[in-house]
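Peer 1: Here is what each chain is made of, one letter per residue.
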Amino acid sequence: MHAKVITVTSGKGGVGKTTVTANLAAALAMLGKRVAAIDSDIGLRNLDVVMGLENRIVYDLVDVVEGRCRLSQAMIRDKRFAELYLIPAAQTRDKMAVSPSDMVLVCDQLRPDMDYVVIDSPAGIERGFRNAIAPADQVIVVTNPEVSAVRDADRIIGLIEAEEKGPGQLIINRIKPSMVARGDMLSIADVLDILAIDLLGVVPEDEAILISSNRGLPVAMSATNSASASQAFRNIAQRLEGNDVPILDLAPQSGILSRLRNWVRGE
Amino acid sequence: MTGSKSTEIRVKGIREGILLGLNNHSAPFAELLQRLQEELAEKRTFLKGSRIVLDVGDHLLQRTQLAQIQTLLSENEMELWTVLAEPAATREAARALGLATRLAGSNTDLDGNDLAIGSAAQAGLEAEASSGANALLVLETIRSGRSVQHEGHVTILGDVNPGAQIIARGHVVVWGRLRGMVHAGASGDASAVICALQLTPTQLRIANHIAIPPEEQQPALFPEMASVRDGQIVAEPWRVRE
Ligand SMILES: Nc1ncnc2c1ncn2[C@@H]1O[C@H](COP(=O)(O)OP(=O)(O)OP(=O)(O)O)[C@@H](O)[C@H]1O
Ligand SMILES: [Mg+2]
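Chains A and B are the protein sequences, given in the same order.
Take the working numbering: the last position of the first sequence gets the number 268, and nothing is skipped along the way.
Take the working numbering: the last position of the second sequence gets the number 317, and nothing is skipped along the way.
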């Protein structure tokens, strides 16, 4: 068995990498997949909080890399899904404690026993980013429909291409359909026009995210209505599994939507 | 009329429209024009509304003279489209007027017969050997954060995204959407130009001139060229340089 390693990255900070990582890991686990989520944001860990596993941390990624524990000892099993694990980041160290080749080694150890390894990256383009994408088979770029976030996503896509990890696939997070309709927010088409990569999914702005992050319960795990972030994450998990699920119908103009479907199909 | 004997004008239907061929080498321009006018008056009903391919053979014609022919044709409701000429200077003058200087397809008429314009068309095909020796061709989109710098001309086959920059000593051609920053003629050459299929840059620089495009710029639906005119960077529909 060979897991697929997916790295979630963004360039700009705060656009939703950790939220996407936690929810994709959860949604894939809900599909019965064996999933390990790795927090590579060393020194600023918070994937454990969002997944509600903070109080169970004993060992972390740096402990594994520096040989203080076996990999399995740093894998925290999720409360709700027996086949969902978290490997937390160290809170007290910095990015230099882990190297890109350490990350490749850790993932290679995980591959035989997992279906997916999902890696949360730190913001920025420095060492932490290189660590996170080194083991990746697939890269997901998260952006918000906002000029500065798109600019940084473009930069990151260039770097991913330079590392020969392909252009990556895009998740546009925090879309507010009403603002797009008024022309106050970049539309999906505007973002794709600049970035010109495959669209993996669109996640709406949803209050439930904030509430669920505080509770440590990823929204993907809770009940859902059709236009919710929860549904969006479940759909993305389906697409990762190779199923053809249409992009959430968030945009009012049908012209844009039919184009989106084409993009997804073109993958 | 004696004129019609010494200044023969051929008229032939070809795929691209109507071919008008001027044959006489030594006739002065005024006589050519006069002859053409007579010919058009005679065949006007037949030729009206056509696209014209004008084969001037080895006549050395200036831009103003070609413009006169163009006017004459449009007065007769014909559109001058292409000028086939042997002298490079004539072709250059034609291009300056935005005219094509070679045929896109084969050199045959509607019946598939070879036309006697081979030499002129062939001459038009030869690329003008410009200072392209020191040109850089980049076959990808330049994304945010990247900088391409080159001592000569730069051609990008792809987009130049916002946050990316191109700096060239010579001209810059973007076969794609230019939305970042381009500096052409970077070591002071104000005759450098910047061309793009879609010219919506964050900023343009030519030599020591800087242009910031208007806030709400609607992308033009045609390629554009930016150059320095009267100390200012201006953009206009892209045509081959004079
Ligand atoms: N779709 C959404 N709707 C509403 N709030 C959201 C959404 N996505 C993310 N948020 C909120 O945005 C904030 C930042 O999200 P998150 O921590 O996932 O970003 P990040 O990219 O991991 O940030 P960093 O770069 O600091 O690691 C959080 O408070 C989160 O709850
Ligand atoms: Mg984060």
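Note that these hints are calculated values from the structure, not bench results.
Heads up, a few of these hints could be off.
Derived SDA-like pairs: lysine to any residue, alpha-carbon spacing no greater than 25 Å straight-line [stated by the list, open to error]:
| # | chain 1 | residue 1 | chain 2 | residue 2 |
| --- | --- | --- | --- | --- |
| 1 | A | Lys5 | B | Pro237 |
| 2 | A | Lys13 | B | Ser222 |
| 3 | A | Lys166 | B | Leu212 |
| 4 | A | Lys166 | B | Leu232 |
| 5 | A | Lys13 | B | Leu212 |
| 6 | A | Lys80 | A | Gly184 |
| 7 | A | Lys166 | B | Pro237 |
| 8 | A | Lys166 | B | Gly233 |
| 9 | A | Lys166 | B | Thr277 |
| 10 | A | Lys166 | B | Glu161 |
| 11 | A | Lys166 | B | Arg138 |
| 12 | A | Lys166 | B | Gly220 |
Peer 1: Each hint: holds or not?
Peer 2: Results of checking the hints against the structure:
The suggested pairing of A:Lys5 with B:Pro237 is violated, with an alpha-carbon distance near 33 Å, which exceeds 25 Å. With a CA separation close to 20 Å, the supplied pair A:Lys13 and B:Ser222 stays within the 25 Å bound. The hinted pair formed by A:Lys166 and B:Leu212 meets the criterion: a straight-line CA distance of about 24 Å does not exceed 25 Å. Distance restraint check for A:Lys166 and B:Leu232: the Cα-Cα separation of roughly 22 Å lies within the 25 Å cut-off, and the hinted pair is therefore satisfied.
Between A:Lys13 and B:Leu212, the direct Cα distance comes to roughly 31 Å. Violation of the 25 Å bound is thereby established for this hinted pair. Among the hinted pairs, A:Lys80 with A:Gly184 is inconsistent with the structure: their alpha-carbon atoms are about 43 Å apart, more than 25 Å. Proposed proximity of A:Lys166 and B:Pro237 is supported: the alpha carbons are some 22 Å apart, at most 25 Å. Note on A:Lys166 and B:Gly233: the hinted pairing holds, with a Cα-Cα distance of about 20 Å set against a maximum of 25 Å.
A C-alpha spacing of about 29 Å is found between A:Lys166 and B:Thr277, which places the hinted pair above 25 Å, so the restraint is violated. A hinted pair counts as satisfied when its Cα atoms are at most 25 Å apart, and A:Lys166 with B:Glu161 does not qualify at roughly 52 Å. Taking the CA atoms of A:Lys166 and B:Arg138, the gap is about 54 Å. The hint is violated against a cut of 25 Å. Our distance criterion of 25 Å between C-alpha atoms is met by A:Lys166 and B:Gly220, whose separation comes to about 18 Å.
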